[in-house]
Amino acid sequence: MILMLDSQVFSVVPEAQSWANFNKYARRVRHLSYSSFHLVQLERRTFLDIARTCPGNHDIFPNLHTLVWDHNPEFATLFMHSRVTRFMINIPEHLSPVTTACSFFPKVYDCMPNITHLDIRVDTAMASIQPETVELLSALPRLKNIVLGQYQLTSKVAECLSILPDLSVINVEGEYPRGMSEDIYDFSPSLHEGAFPALTTLIFDAQFHDAQSFLTTLATSAKLEILWVNSPEFETELGFKNLIACIVQECPNVDGLSLASFVDPQRPETSGNGERINMHTLKPLFHKKHLTSLTLVHQYPLDLNSVDLEKISLTWPSLHTLRLNAAPGHFMTSDLTLEALVPFARNCPKLRLLGLFMNAKLGLLSMSESARFQCLEALDVGLSLIDDDLWVTQILRQVFPPDRQCTVASGMVWDPRRTSARGRAVMVCLARIGQWMKVDDLLYQPNDFEMIVWN
Amino acid sequence: MGFNRQSAEVDQNTPGSLTYFHHQLASLSPDVEYIECLHFVVAWSPHSTKTNMPLLKAHRFLGIPELLHEIFSCLGDASNARNARVCAQWHEIALDSLWCHAEGLYHLFSRLSPMEEIDDRCVSLTMVPT
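In order, the protein sequence lines correspond to chains A and B. Last residue of the first sequence: 1087 (this note's numbering), numbering continuous. Last residue of the second sequence: 587 (this note's numbering), numbering continuous.
Think of the hints as simulated: they come from the structure by calculation, not from any bench. Glycine is no exception: its CB is placed at the ideal position from the N, C-alpha and C atoms. Take the hints with a grain of salt, since some may be wrong.
Said to hold, decoys possible - Derived, one-sided and incomplete: chain A residues facing chain B with beta-carbon distance under 7 Å:
1) SER643
2) GLN649
3) ARG660
4) ARG662
5) TYR666
6) VAL672
7) HIS824
8) ASP1020
Unchecked claim - So these bits of chain B aren't anywhere near chain A, every CB distance computed over 10 Å:
9) PHE518
10) LEU519
11) PRO522
12) LEU524
13) ASP534
14) ALA538
15) ARG539
16) ARG542
17) CYS544
18) ALA545
19) ASP553
20) TRP556
21) LEU569
22) GLU574
Stated by the list, open to error - So, partial list: chain B residues that the calculated Cβ filter (under 7 Å) puts toward chain A:
23) ILE521
24) GLU523
25) PRO571
26) ILE575
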């Protein structure tokens, strides 16, 4: 791969007067981000010139409060000071994450002890940098919001976070695989009384039985409002059922819930319906009338029929997000048709994101029966079956809000590189995704064009 | 979408008028419709020479730095670079918006001292060993 990046150096080395003039701009900078993907880069010796000529005891950007750094961390220290409260750092694999973490983390808490928001992505297993990470987090007493990479919230890290008095958000981002799933097997932090006193949002990776034990141990789980649990393993229907029962009992204030099992399209079929999430699994959740967001991800399509969907839509009219396993690992058949949209269009006026796994080859919606969504922004169809994209487009136009654009999103939740999925399964998925993308394109094209196509 | 001058003039006496005006500004594409919008706003500003423009009350909000800051924060860099040349008050607020959020370091540090490009990196990545 050939990278053509501009690399800049000072043609005249800065002097004291240059720095005095520069302050006119520097004092205005509040948010600084620098990435190795920026087309114009500063050469290493430019950073050294900056460090060498900058007047002593002088913060280069004195009013900086947010520093986003996706480059060699060595140079980030130039811009660190005690008034920075939000810090995001990415340490990719080629920068020797373990060595870098050892030398860089102490500088973070020395220079920026007042950090309230920390987003730290290190491309390595947490086991190899755990002592340094724990030391860093322990030295940031004002932390309110922490974001870690996938599989990096280990028991030790959780124990260290549990004593922070203001910590309200723990978020484990699943966008990039970062750590190793082995690090979070047996997730069982030892919690003292009053652990996590301010925690309201918890997004973490753990097997469901570990998550269940953790929530039971956590004395402050009643304060949780948003709870997402992502399991690195396949979870059974019983696993979902037990965890849901635990959440209903221990976390009465949760209004945003996501439970995701690992999905592998090559996992062999088992005995049948007993493995599928059904109304019996979800029943305890119906006590949570205030639920506004629910996401379920499982290996098998949910075992729900149109009557069940009607009940779900009537139980939670305040839902703004509902994602019912739109992209299961077993995606060849679905019990639901496009008519599954109707109860939600009719009964959930606040719904902005709906995800369903449907067979869009079947089911005819008549104009008289259909209701319209009022504020739907995205329909997640995942790996729903589709045959005739023009017909599907016509149907969706009948139920989508008339006065705003609504996106049709499709895709799979599993990474073909990380599962045993091969050849045909991937091709089937890509073909479906392509057809749904075509539907998304057609939805808001002018009617004249559509008429030509239909004719 | 064009900037509806008539509507803004009429609405500016109603409680929602500033919001309305703000949204109109925010929805503009800076490079295409900026000139019309800027002409309209400058005509209302205390430094304008066009004293025959209607409704002097408009001066009030143009004199509130927080509102100007809010409006400028919705505009692009090119627009704010031009705003910085309108008057002394706009100069400060527009520069604040222009430099508040810095993406990359080159534009900033080229103000510190002149910079030049070196092509070491390009050569090292593209050169074929002989």
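Results for each hint:
1. SER643: holds (4 Å)
2. GLN649: At 10 Å from the nearest chain B Cβ, A/GLN649 fails the 7 Å test, so the hint is violated.
3. ARG660: Interface hint status for A/ARG660: holds (4 Å vs cutoff 7 Å).
4. ARG662: This interface hint holds because 5 Å falls under the 7 Å limit.
5. TYR666: The hint holds - A/TYR666 has a Cβ within 7 Å of chain B, the shortest such distance being about 6 Å.
6. VAL672: At 4 Å from the nearest chain B Cβ, A/VAL672 passes the 7 Å test, so the hint holds.
7. HIS824: violated (41 Å)
8. ASP1020: Because about 36 Å separates A/ASP1020 from the closest Cβ in chain B, which is outside the 7 Å limit, the hint is violated.
9. PHE518: Per Cβ check, B/PHE518 is outside 10 Å of chain A; nearest 23 Å; holds.
10. LEU519: holds (21 Å)
11. PRO522: Correct as stated: the minimum Cβ-Cβ distance to chain A is 14 Å, above 10 Å.
12. LEU524: holds (19 Å)
13. ASP534: Holds, because the least Cβ-Cβ distance between B/ASP534 and chain A comes to about 13 Å, which exceeds 10 Å.
14. ALA538: At roughly 13 Å from the nearest Cβ of chain A, B/ALA538 sits farther out than 10 Å, so the non-interface label holds.
15. ARG539: About 17 Å separates B/ARG539 from the closest Cβ of chain A, which puts it past 10 Å; holds.
16. ARG542: holds (15 Å)
17. CYS544: At roughly 18 Å from the nearest Cβ of chain A, B/CYS544 sits farther out than 10 Å, so the non-interface label holds.
18. ALA545: holds (14 Å)
19. ASP553: At roughly 5 Å from the nearest Cβ of chain A, B/ASP553 sits no farther out than 10 Å, so the non-interface label is violated.
20. TRP556: Since the minimum Cβ distance to chain A is about 4 Å, B/TRP556 lies within 10 Å and the statement is violated.
21. LEU569: violated (4 Å)
22. GLU574: B/GLU574 is in fact no farther than 10 Å from some Cβ atom of chain A, at 5 Å.
23. ILE521: violated (19 Å)
24. GLU523: This hint is violated: B/GLU523 lies away from chain A, its Cβ roughly 15 Å from the closest one there, beyond 7 Å.
25. PRO571: Hint holds; B/PRO571 Cβ to chain A Cβ min 5 Å, cut 7 Å.
26. ILE575: holds (5 Å)
In this structure, the hints that do not hold are numbers 2, 7, 8, 19, 20, 21, 22, 23 and 24, in rising order.
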